[in-house]
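Protein chains in written order, with this note's numbering: chain A, 15 to 362; chain B, 15 to 362.
Quick caveat, the hints were computed from the structure, so don't treat them as lab data.
Take these hints with a grain of salt, some might be off.
Since copy identity is lost for identical chains, a pair holds within one copy or between any two.
[Unchecked claim] Once the Cα atoms are required to be at most 30 Å apart in a straight line, the calculated DSS-like pairs of lysine-lysine come out as:
#1 LYS125 to LYS160
#2 LYS136 to LYS315
#3 LYS108 to LYS46
#4 LYS315 to LYS46
#5 LYS315 to LYS108
#6 LYS260 to LYS125
#7 LYS234 to LYS303
#8 LYS46 to LYS279
One letter stands for each residue in the lines below.
2 protein chains.
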Amino acid sequence: MDYITLAHGAGGVEMLELLEKLIFKRVDDKLKRVEGGVGIDIADDAAAIPLPDGRYVVVSVDSYTVNPIFFPGGDIGVLAASGSINDVLMLGGKPIAMLDTIIVEEGFPVKDLEAVIESMLKVLREENVALIGGDFKVMPRGQVDKIVISTTAIGISDNPIIDKPAPGDKIFVSDYVGDHGAVILLMQMGLGRDIEEISTGMLRSDVKPLTKLMVPLLSKYRYCVNAARDPTRGGLAGVLNEWAEKNELLIYISEDKVPIREPVKRYSEMLGIDPLYLASEGVAVLSLKPECADEVVEYAKKLGFGNSRIIGEVKQTDMFKGYVAAETSIGGLRLVEPPRGEIVPRIC
Amino acid sequence: MDYITLAHGAGGVEMLELLEKLIFKRVDDKLKRVEGGVGIDIADDAAAIPLPDGRYVVVSVDSYTVNPIFFPGGDIGVLAASGSINDVLMLGGKPIAMLDTIIVEEGFPVKDLEAVIESMLKVLREENVALIGGDFKVMPRGQVDKIVISTTAIGISDNPIIDKPAPGDKIFVSDYVGDHGAVILLMQMGLGRDIEEISTGMLRSDVKPLTKLMVPLLSKYRYCVNAARDPTRGGLAGVLNEWAEKNELLIYISEDKVPIREPVKRYSEMLGIDPLYLASEGVAVLSLKPECADEVVEYAKKLGFGNSRIIGEVKQTDMFKGYVAAETSIGGLRLVEPPRGEIVPRIC
């Protein structure tokens, strides 16, 4: 491991190993969180800092390098605003404020920058999230490809969700998975606009904030949610493997029940890719207590997330601890490995 | 203004105009801050969010693109940790936590990444600041130059400093200015190691956190501080012009009193650059009430900032509202214009 490879940035096994070696194991235990809060010992997507009144400030940062920067269904501005908002939501926070850093290549068209910023601000307006600060830098031509954005989202939570799936839990997804990953992959291959499903708008990135789902759902069913994540880099396979491994549980899903759009299935098959590894940017995956899981599905549907469903469950076993297994459509069983290597660079 | 230029990222006039047009004027007034806090209507370096107990969470974000990434006196890791910590301090916060995003070029040596991260973690350890979250991405070869880091620093403040220099105030600097800018400029020109002052360590970046100055100083003299900034991009000239312009005051300094190291003076002269525009990364500039200014200087010296001094004052005038004037060493007077154009790209 002498040089950084694309796989180190793919959110899979190689990245976790690298960050463990270079960061996590070097941070003193007491500096892994603010006392009483949530830090890198528990999650790396977002963190929580306790407030004097018993609530928490939830903070999330992410950098966005997506290529192309304008894609069917969105652009890097929508993605940068939505992605960090979603990380705050998944930790159980209600987003209230954002800060951004924008790095642009010299020679970048001002009208494109304007469009990207307007997309970002539109999300913030709709979400009623304040833009409270930021930074802007320009790098000389050739030293950065077009534009890179990072966003910090800040929210407030009564009760942060510390992912802890339990045996018996039902695995919930709020929508079709893999749309964002499939679209970016097809665009990067230069196929984008030639594909009928893309030109007709049937297939496009699912990028969106999940506030309209998560805030009402948590206010009513917080007690039911044992874990919450949005399956970005590494896809559904990534989230489920992390949950299974950290908690030494088996997660068992039915492939038939995982909602995947027909064109995503078809192009994945053509390209030899498993859609369970493709990123979504507007989907929630929850681990729900079994007694209230069906109620949550119904409530999510009422909130406008009509494709919500249960796709599997969490099991305690002696064998297959830490694994994800999928029942295939022909009735067999396969292991869904943790993400490894790089399917799509600059997916987000 | 059809394409982004380096000047747009230099922290001067062009950048303020661009951000005004593309961001500030497009954000609804009510979304420029969290209610009762500090947001982009007041400062863009850092923001404050009110807490239920009357205190504030102070947050700052910055991206770091410095070139070269290793330089005399520091590296991009020290800079990324110190820079955002300093922004929190300058708003009157005590830093408690940090999040980072790291974007690396494919093929970057792992040992260099290790060195940069270790530098960052060393600052956090010394500062007792927790690393509570982050993000890591890799861009394909040629799509980003080596490494770009952004950091979010979070602190707590009893009483955020909303920059408001008042007529009669004394202008304080805690140390020599322009060291960081001069070193980066010389390195970028390929002169770095050939220069005796650099190879002997006499001249090096001043990058460091200012916690040991600002936390005790504010706990004793908060009432005396009307404004606080660290003069990074745009240098001392940038900070003073911003204060003068926003408050319609004249800021008057004596060139002889501004502490500038002899080699910084000499190389600036050779290169035709005014050192008042060169960035510092470990210097505080304060606007102090006149009755306690001398006491603050003495106290700063006791805290180990032996070069602290008063370099000028704030005046209310009918003429020259919004200007910065410097008395030159031969007794004349010159206007110190706001920073314009780009002196050193990728300075921080």
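Right, here's what the structure says about each hint:
no.: 1; hint: LYS125 to LYS160; result: both (13 Å within a copy, 27 Å between copies)
no.: 2; hint: LYS136 to LYS315; result: within (25 Å within a copy, 49 Å between copies)
no.: 3; hint: LYS108 to LYS46; result: both (23 Å within a copy, 18 Å between copies)
no.: 4; hint: LYS315 to LYS46; result: neither (38 Å within a copy, 34 Å between copies)
no.: 5; hint: LYS315 to LYS108; result: within (20 Å within a copy, 45 Å between copies)
no.: 6; hint: LYS260 to LYS125; result: between (46 Å within a copy, 29 Å between copies)
no.: 7; hint: LYS234 to LYS303; result: within (14 Å within a copy, 53 Å between copies)
no.: 8; hint: LYS46 to LYS279; result: neither (40 Å within a copy, 43 Å between copies)
The structure fails hints 4 and 8 (numbered hints given earlier, in ascending order).
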